[in-house]
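For the record, the sequence lines run as chains A and B.
Under our numbering, the first residue of the first sequence carries the number 15, and numbering increases by one thereafter.
Under our numbering, the first residue of the second sequence carries the number 15, and numbering increases by one thereafter.
None of these hints come from the bench; they were simulated from the model.
Since this is a predicted model, take the numbers as computed values, not measurements.
Check before you lean on any hint, since a few could be wrong.
Same chains, same names: a pair is fine if it fits in one copy or spans any two.
Below are the PhoX-like pairs computed for lysine-lysine, each with C-alpha atoms no more than 20 angstroms apart in a straight line [said to hold, decoys possible]:
| hint | residue 1 | residue 2 |
| --- | --- | --- |
| 1 | 372 | 311 |
| 2 | 372 | 111 |
| 3 | 49 | 367 |
| 4 | 217 | 189 |
| 5 | 49 | 87 |
2 protein chains.
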Amino acid sequence: MTVYANSPTGPVDWERFLSQRAQKMKSSAIRELLKVTQQPEVISFAGGLPAPELFPVREIEEACNYLLRKEPKRALQYSTTEGHPPLREFLAATVAKYGIQHGPDNILITTGSQQALDLIGKVFIDPGTTILTAEPTYLGAIQAWRAYEAEFVTIPLDDHGMCVEQLEETIKEKKPCFIYVLPNFHNPAGTTLPEYRRKHLVKIARKYDLIIVEDDPYGALRYEDDDITPISVMAPERTLYLGTFSKTLTPGLRIGWIMGPMEIIQRLVRAKQGADLHTSTFDQMIANDIAQRGILKVHVRRLCNVYRQRRDTMLKALETHWPEDSSWTHPQGGLFLWARVPEPIDTAQLFPKAVEAKVAYVAGVHFFPYADGGHNAMRLNFSNSKPELIELGIQRLGGLLDAELEQTK
Amino acid sequence: MTVYANSPTGPVDWERFLSQRAQKMKSSAIRELLKVTQQPEVISFAGGLPAPELFPVREIEEACNYLLRKEPKRALQYSTTEGHPPLREFLAATVAKYGIQHGPDNILITTGSQQALDLIGKVFIDPGTTILTAEPTYLGAIQAWRAYEAEFVTIPLDDHGMCVEQLEETIKEKKPCFIYVLPNFHNPAGTTLPEYRRKHLVKIARKYDLIIVEDDPYGALRYEDDDITPISVMAPERTLYLGTFSKTLTPGLRIGWIMGPMEIIQRLVRAKQGADLHTSTFDQMIANDIAQRGILKVHVRRLCNVYRQRRDTMLKALETHWPEDSSWTHPQGGLFLWARVPEPIDTAQLFPKAVEAKVAYVAGVHFFPYADGGHNAMRLNFSNSKPELIELGIQRLGGLLDAELEQTK
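Let's have the full structure, built from the sequences with the hints guiding it.
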């Protein structure tokens with residue numbers, strides 16, 4: 015308890031001072047729930063964490079030593095809001111290979127991809143502005159945009175991502191400001207939007223002159239088949255592309271980026287000036303050093319090999335240990351799959367029992383903006399646990415599901 | 015120019031999608047102008063940069079190596095929004111010495127102090143919300159809060175900081191949400207609010223039940239006399255205290271903090287979840303290591319010795335080289351002083367000539383929220399230039415001022 019040593023007037027009624035948006039802000043259900051699942055004996059499929067044993071620690075140490083000997087005055091000083099120029103050049107050159115014709119001035123470095131979502135909210139969302147998203151959808155985007163008092167309209171998602179066939183009707187009725195889409199290895203669903211659906215999405219966005227926000231944190235982590243053309247290549251004039259090093263390098267450094275038409279990047283730069291001046295110079299230069307030396311590429315290949323095996327272990331364990339009426343997505347990459355359990359079971363209600371049985375997941379309901387779906391679904395992360403624990407954890411969950419089904423008979 | 019390779023519909027009219035607040039956001043005049051002054055031959059008193067030759071580079075390198083050997087999985091992983099717990103404990107213990115009775119749970123680590131200003135805007139400011147500040151005032155605060163469509167009411171500042179004697183009248187008339195105050199070594203004015211004025215400010219804030227935002231980036235950089243009791247010690251129940259490592263350690267790491275009553279810290283934590291999830295884990299742990307090993311304390315003492323000398327050099331050079339009718343503040347610490355030139359001279363109009371003469375400053379007008387003052391004033395930074403350059407730069411400015419006065423005769 016805070017001691018108000020010198021306070022004759024007593025505590026302040028802070029509620030009285032809150033902005034309208036602050037009154038509506040909720041704490042992230044997931045971040046709160048992760049605290050529960052961090053007990054060491056719990057096998058957690060709940061978080062979205064990369065495998066820490068794979069962090070390229072030695073290479074990062076080398077980068078630190080190199081930068082602090084070679085350019086300490088630059089690495090530790092204030093820098094420009096736009097981001098470290100060599101890193102922006104590297105990113106522009108990288109995406110050029112995928113056919114994205116953006117230069118360094120089309121790129122803004124952000125403090126993780128979450129800040130990109132926040133700045134987009136700041137620049138586009140007034141109270142009541144409508145955002146179109148598939149559901150389930152990424153919780154961090156909901157949280158960022160709810161803080162600007164956005165409304166959400168949703169269309170369903172099937173095993174091939176957003177059901178874009180329903181876009182036109184929804185747009186006509188709800189008039190959204192932009193379409194939010196996670197085309198590769200969706201969080202939480204693990205689905206990938208096929209090329210024909212991307213093309214349809216672009217066609218509709220053009221017809222109704224809408225912006226597209228393409229969030230692609232996992233794109234580089236593909237475990238099978240070929241890359242699919244990014245939406246920002248199909249419609250560079252209206253797409254903001256969001257990338258991050260959190261999944262390919264390390265999340266602790268907080269480096270993301272937004273790529274898009276220069277006139278809107280400049281608006282986002284202004285918003286970032288007020289938000290945090292610039293992203294950590296040192297972290298940007300570490301990431302740049304790792305990327306420029308070609309280490310990132312090698313590292314991503316290694317991540318793919320390990321994560322592919324973990325995904326396969328989880329898929330096989332689900333097949334072996336889960337009751338017959340369950341189903342799940344088969345992600346081609348990324349960190350997550352989405353599992354549906356037999357109908358009478360409510361995954362949010364099951365959660366405390368799961369933690370008691372030393373296994374954790376995120377209940378599907380948390381990924382629905384208005385908590386009106388996903389009651390018999392859950393998100394399972396496969397990147398953060400070793401194969402033997404994945405096997406054991408899925409077995410534990412299978413046992414729990416069997417017991418529940420037995421009770422409801 | 016961006017090539018719209020696949021864009022049959024042509025460029026998008028982005029203006030159409032902008033939020034109300036984005037339409038009002040301006041680029042920071044100072045950040046734009048700093049680009050001009052970064053030519054190597056210009057002696058720049060314009061920025062607010064610490065002296066890069068004093069960065070504790072070797073100590074930071076040691077911290078990196080230690081952390082990456084001892085705790086790499088923690089240092090590079092996602093962490094909690096509230097901030098690295100040992101760092102929050104260190105900060106709580108540090109402020110306890112100054113009489114501030116806040117624990118770690120009263121502290122939120124932010125991505126630089128600028129993010130603290132942004133989160134305060136997010137949590138308190140609705141369109142039209144009024145903020146009370148002295149003028150001139152810190153430009154970054156104006157920029158952060160203007161992004162939430164705040165209005166500003168101002169009271170003057172004299173050689174002892176905010177003229178708090180005028181507070182009550184202004185509050186009665188304008189009903190602000192909070193009072194923004196930079197009590198120590200004000201940016202841009204270099205003034206320090208004496209204890210009697212702090213007490214009066216607290217008395218008035220209590221009488222009208224207002225919040226106080228106490229921004230203290232320079233407090234540790236005191237070159238003479240004793241510390242004055244922080245406002246957050248006098249009124250812990252209603253004060254949000256903002257601190258940063260940008261001036262005492264290095265700005266490139268982007269570590270700041272907000273301290274205050276727990277209920278409002280929790281609201282700010284929610285806002286930060288949506289804004290960037292958390293501040294760089296690695297940067298927080300580096301700062302914590304430097305602080306915990308006692309290096310920061312030694313380093314700050316060294317900074318004070320060097321910056322004191324630079325301040326004294328500037329004060330003496332002003333005395334020697336500037337025309338008789340000019341005046342300036344005598345800062346007891348910090349990075350800046352505020353100089354007033356004889357009346358007919360407009361410092362904004364003089365600026366291009368100064369850059370031509372290879373010396374730069376920031377014109378006073380930029381520190382007035384509505385650009386309606388400071389026309390014959392300028393901010394001069396003394397931390398970023400070595401004494402011989404300070405002497406030379408002030409001499410150049412003196413010559414320019416003499417020439418201007420000669421012309422207007």
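Checked hints:
no. : hint      : result
1   : 372 - 311 : neither (36 angstroms within a copy, 45 angstroms between copies)
2   : 372 - 111 : neither (45 angstroms within a copy, 43 angstroms between copies)
3   : 49 - 367  : within (16 angstroms within a copy, 59 angstroms between copies)
4   : 217 - 189 : within (16 angstroms within a copy, 51 angstroms between copies)
5   : 49 - 87   : between (38 angstroms within a copy, 17 angstroms between copies)
Going down the numbered hints, you'll see the structure goes against 1 and 2, while the others check out.
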